[in-house]
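Colleague: Since the structure of chain P is provided, determine the placement of chain S on it from the hints.
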Amino acid sequence: KAGVTQTPRYLIKTRGQQVTLSCSPISGHRSVSWYQQTPGQGLQFLFEYFSETQRNKGNFPGRFSGRQFSNSRSEMNVSTLELGDSALYLCASSLAGVSGNEQFFGPGTRLTVL
Amino acid sequence: GENVEQHPSTLSVQEGDSAVIKCTYSDSASNYFPWYKQELGKGPQLIIDIRSNVGEKKDQRIAVTLNKTAKHFSLHITETQPEDSAVYFCAASRLSGYALNFGKGTSLLVTP
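Protein chains in written order, with the working numbering: chain P, 1 to 114; chain S, 115 to 226.
These aren't lab readings, by the way, just hints derived from the structure by calculation.
Hints are supplied without guarantee of correctness; some may be wrong.
Unchecked claim - Straight-line alpha carbon distances no greater than 25 angstroms define the calculated DSS-like cross-link-like pairs of lysine-lysine that follow:
#1 S:K156 / P:K13
#2 S:K218 / P:K57
#3 S:K136 / S:K182
In this text, all values refer to a predicted model and were calculated from it rather than measured experimentally.
Chain P on its own, in the form it takes in the complex (with noise of 0.2 angstroms):
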């Protein structure tokens, strides 16, 4: 069974633009999370999404925004970027939920804001 996917895997961008990122879930799981990885915060939960519809969202500006797609797909956009912004951003699939369910990530891209 193919693992989670995401693309691009690096990714640099400068101040201002916007970037959006792709995850392709493993086949079957219908729950797609993302995650900020930093060296200072750890990772930090963006939000969860189930059968296209947001289910919770973590603590992050509304620039950070997602959307599902109706096979599971997901992709994650960040507007007006931030020198802050950079990070690695993982995506993780399960089969019904972030909660109590494990969790299989992707590799992750590593966004660099310049």
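Modeller: Relative to the frame of chain P, chain S by itself:
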């Protein structure tokens, strides 16, 4: 919201020794506690999890203990091997409808 604290932030042990990583949490309603291992260049991978209805769970060289009264849980790795070197994260959440809250990670180095 839930706050998960993890100690130590770095841990160095010799091959064959045991390693222990400890976490505390703040939300008394949390009842799911997974541990993830992250190797360089990869996403975290679940290695073991425990639910609040049990106090201990073992899987070969790995064990997790939970003390709900004190709100802390620990990861124990016995007979460590160099391939155990990685960053380990603890997490906590309620079982239904809530996000996972992660500790800040422990970088474990096992030296031959």
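Colleague: Give a verdict on every hint.
Modeller: Status of each hint after checking the structure:
1. S:K156 / P:K13: The hint holds at about 22 angstroms.
2. S:K218 / P:K57: holds, 20 angstroms
3. S:K136 / S:K182: holds, 13 angstroms
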